[in-house]
Structures are given as C-alpha cells and as structure tokens.
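All chains should be modelled from the sequences, with the hints used to inform the complete structure.
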Amino acid sequence: MIRHLLSAGDLSLDDATLVLDTADEMARLTEGRAVKKLPTLRGRTVVNLFFEDSTRTRTSFELAAKRLSADVINFSAKGSSLSKGESLKDTALTLEAMGADGVVVRHSASGAPYRLATSGWINACVVNAGDGTHEHPTQALLDAFTMRRHLGELAGKQIVIVGDVLHSRVARSNVLLLATLGAKVTLVAPPTLLPNGVEHWPCATSYDLDDALTGADAVMMLRVQKERMNAAFFPSAREYSRRYGLDARRQALMPPEALVLHPGPMNRGMEITADVADSARSVIVEQVTNGVYVRMAVLYLMLAGNATTEEAA
Amino acid sequence: MSRDLSGAREVLDGDDVARALTRIAHEVVERNKGAADLVLLGIPKRGVPLAYRLAERISAVEGTEVPVGALDVTMYRDDLRLRPARALEHTDIPPGGIDDRIVVLVDDVLFSGRTIRAALTALEDIGRPRAVRLVVLVDRGHRQLPIRADHVGKNIPTSLVESVKVRLAETDGHDGVLLDKPAPQTTEVLP
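The listed protein sequences derive, respectively, from chains A and B. Going by full-length UniProt numbering, 114 is the number at position 114 of the first sequence; the sequence numbering is gapless. Going by full-length UniProt numbering, 35 is the number at position 35 of the second sequence; the sequence numbering is gapless.
Worth flagging that the hints you see were computed from the coordinates, not collected in a lab. Bear in mind that the values here come from a model prediction, so they are computed numbers and not experimental data. All C-beta atoms, glycine included, are put in the ideal place defined by N, C-alpha and C. Each hint can be trusted.
Non-contacting residues of chain B with respect to chain A, defined by C-beta distances greater than 12 Å in every case (computed):
| id | residue |
| --- | --- |
| 1 | R9 |
| 2 | R19 |
| 3 | L21 |
| 4 | I102 |
| 5 | H142 |
| 6 | Q144 |
| 7 | A149 |
| 8 | V152 |
Pair ranges (Cβ atoms, derived):
| id | chain 1 | residue 1 | chain 2 | residue 2 | range |
| --- | --- | --- | --- | --- | --- |
| 9 | A | D71 | B | S59 | 44 to 52 Å |
| 10 | B | D78 | A | P265 | 40 to 48 Å |
| 11 | A | R42 | B | A169 | 35 to 43 Å |
Put into structure tokens, the structure is as follows:
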C-alpha cells in the first residue's frame, strides 16, 4: 500500500482492489452492529486540515477516524490561525509538533497535499481530500465502491461522467481510478468545460449526452462549480441544463438498471432534476454512507500498520 | 503413519483430522447438554471451514441446525503496529446474533493465545454471549496469555523454531497437519 494518498492514479489495480475489499469488510463490521467502533487506530491522531469549505467530506473523514478509535482534530480555515495568514509550512510544522499520524487535507490550490507530503515538513501520512481542480481520490474510491456494490466488478462497464469536467477534481480522480479498474469512461461536457489535454486521458469524450447515455451502466453527474467559474463557459443556465442536465426523459434513454451518481452538493434543476435525484436508480444518498466505509479502509490501510516494515513482508 | 513431506512431518492425516472433529463435536454437545443456543464462529482462515464441519457433525448428532459464522480478528490484534497493514478477512455473524448464546470459537492452531484474546475483544463489540468456549484442532503450547482451549483435536508439543501447518480440503485441497522443522540457521518469526 502507498504511504500517501495524493492521486487516484497512484493506486495500482491491486491497491485499489485492496481498498475496495477492505471497505466491504468495514461495511460488514459496522452495519447493524451494537458497537459501531473498532479499536484499531487507538492512540493514533488524525488531523483534518480543511482550507476549503466542506460538510460531506470532513464529517465523513471525521466519522471514519472516530469509528476506528483514532483521536481527531479538526482545523478549518475559518476560526483558526489559517485565517490570520499562516503559511501551509507553519501549519504543517505545528501539526508535526503535535504528533499527527495522519493528515487529511483539503486545499483550494492544486498540489497542496503533494507539497505537504513531499516537503519533509511532516512525517504523517497525507490523504488528499480535494485539492483545487486537481484530484479527490477518496471520492473516486467511494464512487467505484458504490458502483461495484450494484454492478459487480467494474472491468468492461460503461461509465458516463457528465458536466463541468474542467473544474472537477472528482472527474479527474474517477477517470484515473476507473481506467485502472478496467471500466470504459466517457466524459460528456460542452467543449468549454473540457480541459486542455483531455485527449491524453484514458477515456473517451463526447458532446452529445443522449447518445452517450444509451448503453451506460452508470452515469455520474458533476456539479456546475459556479465558485470556480471566472468566465462565461456556457450561454445560460437554462441552455446548460437542457443540453447537459439529467432529467426524466434522458433517464428513460438509459438501460433500466443503470445507476445515477452525484458527488454532491447537488444543484437541483441545474445538472440534475429533483425527480431523477430521488429516483429508485439514484444512489446519491448511498454514496455518502459508503464514503465512511471507504475512508475507514483508507485510514486503516495507511495508519494501522508499520510502514517501515513494508519491505519485510 | 507419519511420513516425510519435503522436510515436514505429518502428525495428523486426513482420517485423524476427521476423527478429531467428530470427537470434538460430541464433546461440545455433551458439555452443552444438547445443541441449544450454540453459535459456532470460525476464525479465518482455517477456523472457518473447521467451524462449518463441526456444525455439520453437531447437526447430524442432534438433528438441529447450528448457526455458524466467521469472526475476523485482524482489527483487534495487538501486533498491528509491528507489521504493514493487512487485508481483512470476512466477518459473518449469523442472523440471530450472539446475545445470550453459547459462542464456540473455532481455530486451527492455538499458540500464543493472542488471536483468541483479540477474538474475545471482538465479541464484546458484537454482543454479550452467555459463555464463550474454545475449540482448536491443534494446541502447540507456548502460551503468552492465560488462555486455554475447552476442546483440543491434538496436543502437539513443539519447540519455538518449529512451525505447525494445518491443511484443509477447503483451503489447500487436502486434510492434514504438518510439523515443519526449519534448517538450523533460519530464524523464522512465527505468528
């Protein structure tokens, strides 16, 4: 297992399968059990370092760490020295002085977790919980976990990812992980919301949603990230949702068993209509539950063992 | 009866294993005065097929189904930090749970007792059994904790450099117990 989880692309097929299998066991160990807590990370400290707002991911990591009995410290930009202009380095040195074993970091700057992991400022394992428009590997893992629970092994499955790929770290991580797992990914977005160099990604691209949906095993809708949009990427919200939004008519084009995913938070009526989001084939709420299992698996695999004996085993 | 298998000595063959399990099944039923409230939990990997075989034998004797499952103790081990993180095995608690039941833990080899210690802690998080009993196919001695088995297939006195390998049809294709004495210069660390 790798020491830091910075990119979904760092995971080999074996590593990714190990995380997903471990998450399966975590689900089995905590679902419907009187004591939903395992003693495995007792005495370890996990720091949630969130420079950017988040409800889902932060609480999910917090719950995962607590279920494994780790001590959890939450740092968010608001209400800490981060808002007084402390640098990433000084924050990291503070965490090191406090003896953090694992650091879960979210930052608006792409590459911040990489800097934290490779600078030598800290010894802790670093988990990327979303950096700028770069990556969000645990989201990709929980998406893959959710799809695997419904569809079985993902090799050969058709996954369609729709929307604001340009600003989406979720899309990047998903494309890399799903390619490792052998799934066939198609990105659908207006030309303005596909990043430069997307032709080198291990996936296909399309501008036509109706066409891509026929034959899809799962479709993942991305949030239109207004806060990162500093230019006019499409003429109007209405036009976007007509061409790239998922509504009941489009859902009917998909095979009846196809899943609908969304990493949240949703803009209902924009990229997805309420009736689709609440339909029987939508696994959006389940994604949140599964997020805890996947993060438990990641924290267990990264923090429970002794990394220095890795070569011996 | 014993023969050499590439340096390893076979101390129990397939028939011995079958006879030991049949005896243990009867002992468990005798001790419990029937099969009522029994729940068998195997400890992966090889405790699980053993638990299923025992359940089958108990059912044959008593004519009632005995709930059987698996209990992975990896998350409860005390040596997690000494090694890299390990993949987890299946945990599968029978639908009736373990509250107020007689839980019979089943494992292949009893050695330091640390696995059983971990299993007892794991049970605490699942429920409160009326009693916990322990079945092992082989007791090889060298306990590090005050733990003993209630029913033992065979006591095999060993030295610390030897290793005991249980082979089962379900996991290895055939039944048997091997005692392996490594070459003198090797210092293999045993679990």
